[in-house]
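Top to bottom, those sequences are chains C and S.
FYI, our numbering numbers position 54 of the first sequence as 54, with every residue one higher than the one before it.
FYI, our numbering numbers position 92 of the second sequence as 503, with every residue one higher than the one before it.
Hints listed in this document are in silico derivations from the structure and should not be mistaken for laboratory results.
There may be inaccurate statements among the hints.
[Claimed, not checked] Listed next, the stretches of chain C that the computed footprint assigns to chain S, with coverage defined by at least 3 CB atoms under 8 Å from CB atoms of chain S:
1) 57-71
2) 220-228
3) 252-264
4) 316-327
The C-beta atom is built at its ideal place from N, Cα and C for all residues, glycine as well.
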Amino acid sequence: MSQKLELHVWGPAFGLPSIDAECVATIAFCEQRISPTEYKLLQSSPSAVPTQRLPALYNPISDTWTSGFSDIVAHLQSCSGGDEAKSSYSPSQRADGAAYTTFLTAHAAPLLALSLYVSSANWAETTRPAYSAILPMPLPWTEPSAVRAAMARRAEHLGMSSLDTDAAEEAAAKTEEAGLAAGWVHVPAALRRPKKTVKDSLIPEQRSRIRLEGLATDVYDVLAEADWENQTTEARCLAFAYLALMLKPDVPRPWLSEVMRRRYQPLCEFVEEFSKECFENGSTPLLPWGDSAANSSALGVASRFTKTLLHDVPGLGDEWQRWSLQRQQNRQREKNEGVVVSASSSSSNDLLLMAGTSITLAAVGAGAWFYRSLPPFGAPVQTWVKPLTGLGAFGAAGVMFSMAAGMANLD
Amino acid sequence: MSGTKWMPVPRPLQSLFDRFPLVTYDANDLPARSPSHVHPLLQPHTSSPSNLPTLYVFISEDDAVKNAPSFNPGCLKWQTFLKLAGVEFHVLPSTNHASPTGALPFLLPSTATTPSTTTNPASTDPPSKPTPPTEPSPPNKPVPSSRLYTYALNYHTRQNPQQPQQLQPPASLFSDLPRKSEAYQSLLDLSIRNAWLYTLYLCPQKTHLLDALYVRPTSTSTWVQATTRHQLRRAAETEILKSTSTSSTAGVVNPKAVYREARLALEALAIQLGTSDSGWFFGAEQPTLFDASVFAYTYLMLKYLGGDEGDREGSLGAMVRNAGKGELAAHCRRLTEMLWPELSSELSQ
Numbered sequence: 001m002s003q004k005l006e007l008h009v010w011g012p013a014f015g016l017p018s019i020d021a022e023c024v025a026t027i028a029f030c031e032q033r034i035s036p037t038e039y040k041l042l043q044s045s046p047s048a049v050p051t052q053r054l055p056a057l058y059n060p061i062s063d064t065w066t067s068g069f070s071d072i073v074a075h076l077q078s079c080s081g082g083d084e085a086k087s088s089y090s091p092s093q094r095a096d097g098a099a100y101t102t103f104l105t106a107h108a109a110p111l112l113a114l115s116l117y118v119s120s121a122n123w124a125e126t127t128r129p130a131y132s133a134i135l136p137m138p139l140p141w142t143e144p145s146a147v148r149a150a151m152a153r154r155a156e157h158l159g160m161s162s163l164d165t166d167a168a169e170e171a172a173a174k175t176e177e178a179g180l181a182a183g184w185v186h187v188p189a190a191l192r193r194p195k196k197t198v199k200d201s202l203i204p205e206q207r208s209r210i211r212l213e214g215l216a217t218d219v220y221d222v223l224a225e226a227d228w229e230n231q232t233t234e235a236r237c238l239a240f241a242y243l244a245l246m247l248k249p250d251v252p253r254p255w256l257s258e259v260m261r262r263r264y265q266p267l268c269e270f271v272e273e274f275s276k277e278c279f280e281n282g283s284t285p286l287l288p289w290g291d292s293a294a295n296s297s298a299l300g301v302a303s304r305f306t307k308t309l310l311h312d313v314p315g316l317g318d319e320w321q322r323w324s325l326q327r328q329q330n331r332q333r334e335k336n337e338g339v340v341v342s343a344s345s346s347s348s349n350d351l352l353l354m355a356g357t358s359i360t361l362a363a364v365g366a367g368a369w370f371y372r373s374l375p376p377f378g379a380p381v382q383t384w385v386k387p388l389t390g391l392g393a394f395g396a397a398g399v400m401f402s403m404a405a406g407m408a409n410l411d
Numbered sequence: 412m413s414g415t416k417w418m419p420v421p422r423p424l425q426s427l428f429d430r431f432p433l434v435t436y437d438a439n440d441l442p443a444r445s446p447s448h449v450h451p452l453l454q455p456h457t458s459s460p461s462n463l464p465t466l467y468v469f470i471s472e473d474d475a476v477k478n479a480p481s482f483n484p485g486c487l488k489w490q491t492f493l494k495l496a497g498v499e500f501h502v503l504p505s506t507n508h509a510s511p512t513g514a515l516p517f518l519l520p521s522t523a524t525t526p527s528t529t530t531n532p533a534s535t536d537p538p539s540k541p542t543p544p545t546e547p548s549p550p551n552k553p554v555p556s557s558r559l560y561t562y563a564l565n566y567h568t569r570q571n572p573q574q575p576q577q578l579q580p581p582a583s584l585f586s587d588l589p590r591k592s593e594a595y596q597s598l599l600d601l602s603i604r605n606a607w608l609y610t611l612y613l614c615p616q617k618t619h620l621l622d623a624l625y626v627r628p629t630s631t632s633t634w635v636q637a638t639t640r641h642q643l644r645r646a647a648e649t650e651i652l653k654s655t656s657t658s659s660t661a662g663v664v665n666p667k668a669v670y671r672e673a674r675l676a677l678e679a680l681a682i683q684l685g686t687s688d689s690g691w692f693f694g695a696e697q698p699t700l701f702d703a704s705v706f707a708y709t710y711l712m713l714k715y716l717g718g719d720e721g722d723r724e725g726s727l728g729a730m731v732r733n734a735g736k737g738e739l740a741a742h743c744r745r746l747t748e749m750l751w752p753e754l755s756s757e758l759s760q
């Protein structure tokens, strides 16, 4: 039981076994290549695995973690000897497979990111709820936004950040605030004339529809030309994963699936056929889902939540993540190659930096505490005034009265 | 004298300001576009026409004089392509800061061809002959790398519009490759580029190479060099992570995975080249832009990372030599012989 391979993936969504393309591809690959008794699927999130990236494969025999679709495929092939894959395909098939796999990673992934993650409407209506459904509370507060940020970075070079209306609104509010601070005449919002043009009344997807269609056809054109029946397993799995995620989700701004349905019928057919062949009518009960209770106990979730919060600390979070990943990678390499990898210079530098920072922080804290414990400092000359009592407390008039009273007394 | 009456300058301050200016710099050169301007590096070549277009790339000054290949894959790709297209040009060293787009290479067209380009097609050609519909860029405006393809395409039409049949490069140079080539192009843009970036920038064993190519030319100050090196490393790391990982912001590059992908990519390219009868990619009769982009990486890998120093991860040159049946190395040698015959001996050893 414990000798089963553990495949940690994002949970199911949109009628697919996972919400993430690489996870779908890995599940499909395992489904075709490994018998269900040899592995189990565990629903997870990046914070629960040491590689901090999904899909992640844990091999209990060698006690190693592998993450990412191509790494897992390479790992599985090396476990099973690796000759079988080589012999069943011709060299040109293997070359095409490598080319299409890379093409999907390089071009289909940013396109999918535009549709599911960058576009504010699709994100709010479809993707974020899907993430909330597969993550235990309170993880939906932190992890999906981190995924979205990573995806937005991935699609940055396509120059379509205008789909993210949240960011656009934020920027507009900021410029208005700056205008208010600089100007001295302030027209209240209610009195301003709305400058509503045709362009303003269009949603961002309509405004950039032509460019979006162009981006989509660039990718679909290349993929539609390939003969998917005769490709390598990994290329087919990855193509299915990306195309299914482009086609299946029911999003409010469905430009990506519309283009595919209207003009690339063979690709839609490929998705349907592959889905039938691999997941039995698209349903997923046959997949060997394991019990992921260990990671979703209250303590486990709390530690994962803390971890994701730590990564969000500006400046420090990145360094912390980098350092822990580097340590993890070195440990993996030691296990794989049986040699002790001396901590590389960069990681030891980071360690030094962290030690230095913590020592500095401790010194500053101790100094502050010491300062607070000192007796209060004051002016060099202290004047103590004896409180006046009686008529003297009324100032000059009081003195006069007291003198008068004294005189009366004398009399 | 009158100034000192109401506000005398104190003696020490006076002597201090007497020392200024400490250094007087020479007058600036004329702008590069001015007709009389000749770059100091081009002056030894007074025999060659000085009004050739200039391609600005990452290159050392010595190599620029010899018109040798650039050491940056992106620049070398376009340098190779322009040479294939028969464009004559000078090469000058530059940095990203000098480029209008923020990235090298860019080309500054020559000044002298201006009148001929504007008058000739209009006066001599009958209206039936299709002239280039729009000039890619007006003369004297820098051509960024994204428009170099169109520039090369229009170059010969502009040079001798009367004899379009005598086009120096055969039309196959600009012929459309099959769609599959885009998939293969992504092998270069993703897998092989990542391996090149990792080896040159992040591999600790290759620091000396990074210093020699990119860091030392920027400044002589150790502090500036250290900062530049750090910035370059961070930028390369972000580039690699952005293109591969999906979930994490900060991460660690896994060299094993990078090199495995590169080996697969080179293998796939070698196999693809092996299926072509003509010896160029996708059966083209003449080397195309795709061949130029493959050459840009294979040449540099063979030249700089070819040595087998017992460093099994970083020797991309060995990977190029061993890919397939050595098709890529042969391809690289053929292109070198074709474009830089004087360098082919250096590569074969």
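Checklist line | Those earlier numbered hints the structure runs against, lowest number first | finding: 3
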